[in-house]
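Trainee: Chain by chain, the residues:
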Amino acid sequence: MGILAQFVFCGYMLAVCGGAVRLSGVSVSSRTSVVSARGLTKTYPPGKAGSAFTAVDAIDFEVHSAEAFGFLGPNGAGKSSTMRMIGCVSPPTGGTLQILGMDAADSGKRIRARIGSVPQDDLLDPELTVGENLLIYGRYFGMSRIAIAERSAELLEFARLTDKADARVQALSGGMRRRLTIARSLMNTPDLLLLDEPTTGLDPQARHLLWERLFELKRQGVTLVLTTHYMDEAERLCDRLVVMDHGRVVATGSPRALIDTHVTREVLELLIEPGTGAAVAARAYGVADRIEVLADRLLCYTDDGERALARAHERGLGGLDALVRRATLEDVFLYLTGRSLIE
Amino acid sequence: MQLSADGVTQAWRYWLLRYRRTWRGTIVISVANPALFLAALGFGLGKLVDHEHSAYLHGSSYLAFLAPGLLAAAMMQTAYIESAGPVHVSARRAGVYRVATATPLSPLDALLGHLLFIGFRILTSATTFAIVAWAFGAVPASRVGPLVLAATLTGLAFATPVAAWAVTVERPALLNGGFRFVIMPLYMFSGTFFAVAQLPGWLQAVARCTPLYQGVQLCRSVSLGDADPLAVVGHSSYLAVLVVGGLAVGARTFQRVLTA
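Chains A and B, in that order, give the protein sequences. Using the working numbering, the first residue of the first sequence is number 1, and each one after it goes up by one. Using the working numbering, the first residue of the second sequence is number 1, and each one after it goes up by one.
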């Protein structure tokens, strides 16, 4: 085999073994800033109800290339408004927003050409087939029919929907629609993928399959920005995240760092009768470093859950159902805002 | 406000792709509806009316008087049906405009692409209607082309303002109200079925100000061949102002609603 032939062969093998489907325009090695927000604000004008509403209140954050970055918070925290601004479909009313090195205020069209968007609602056309939905989307990006056909075949394979290419969207399950929406968002080989509540409303099996596909994208170097109010999703998928509440950022960091910084390593949960929280908390005082009273539970924050449980037994609380678990982002959120994530 | 010819074309092609599934049904309706109306009213009712030799009919048969009016009114209805509900639904949270404007397409691209399709629907419906009218002997073959253009202009004069309004509507009931309380009275009292001169004096003045009256008069004068050039310019200008005004307002309302 000549030198040129060997070179071509090696290149082919690298393409095959290194992931035949190139899904992102960004290489894994670069760690430049993809999104940079300073004092980012979104205020909606007064509606029929009366007063103006500030959904996003002067937040700062930075997303680096090839990382999975999350916005965590309950409904109404300002996550979706932030995503719409990053997606350049809703202009900021204050602050600065740089995306892929361009100003969102005046380069919306060029930015949108380089991002993929997975909205909360699938926004698929149920009357068209799976393939036609991809065709339409590819055309919006100015792709040729041949390029769309090739890309569609790759993405349907990636989304495990190849055998559904000619099926009407209305015949797909919720999980399949979600995977199709993700496949569609990758039509233009985006440098940045936005996912707004990607697994809301899906059953556990569909969620895990979707996570698997998102992990695959991460492995291939796609920069992911996602919103969620599921703490397990945020912990699994996100390299870094911000916790939002009432339009503000209340904490930033990796999931582990947030847990280490704001709560103890373990939590002892004591299940209580509704209405008895204050009395039981008084008896449990000193069992752990800190105690939170919820409607049906006492959360006792401690670095040693078993020891706290033993102390609870000593205080005569052995009759209550108890559970020792590691602390999660839910606990972080509860600590930072005094509210549960899902209300 | 950004606009690109390619974006408009792609938005238009989306609506064409959807229409590919339903075009056969719409063609049947486009033929059957005018055929039934012209047979029942033109031939049936026309026999009674023609017997009286009414001066209001421009010296023509009732069928020839009715057909262009009915065509203008039908294009108003087609324009409303194509631009009210579809625009409203497309602009809602899960609508197709939301998909398009998350890509390089702008709200203006989405508006113009959709209006291009609505214009296509009005043009094809007007053509079918005019051919049926010609087959009934209501319109001479030489006037079918100008009549189609006049009817299309009439339809567009409704389509662009209705699209500009429908994108802002939050309750679908308002769209039904618009059909019942605006479109239907216009249909009845704009000279479609009888000359406006037969109305009471004060109502005549109101009727002459309506866009459908302008469209009916334009279509009728073109169809009967008794067009006064000045009147044609007047009717056409009135309708063109509505088309352009609707576009200008629509560009703003689409931008406001889709980038909120």
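Quick caveat, the hints were computed from the structure, so don't treat them as lab data. Values in this document were obtained by computation on a predicted structure and should not be read as measured data. A few of these clues could be false.
Stated by the list, open to error - Under 10 angstroms between C-beta atoms, here's a sample of chain A residues computed to sit facing chain B:
#1 D103
#2 A105
#3 S117
#4 L128
The beta-carbon is built from N, C-alpha and C at its ideal position, and this holds for glycine as well.
Trainee: Are the hints correct? Go through all of them and say.
Mentor: Hint check results:
{"no.": "1", "hint": "D103", "in the structure": "violated (15 angstroms)"}
{"no.": "2", "hint": "A105", "in the structure": "violated (12 angstroms)"}
{"no.": "3", "hint": "S117", "in the structure": "holds (4 angstroms)"}
{"no.": "4", "hint": "L128", "in the structure": "holds (7 angstroms)"}
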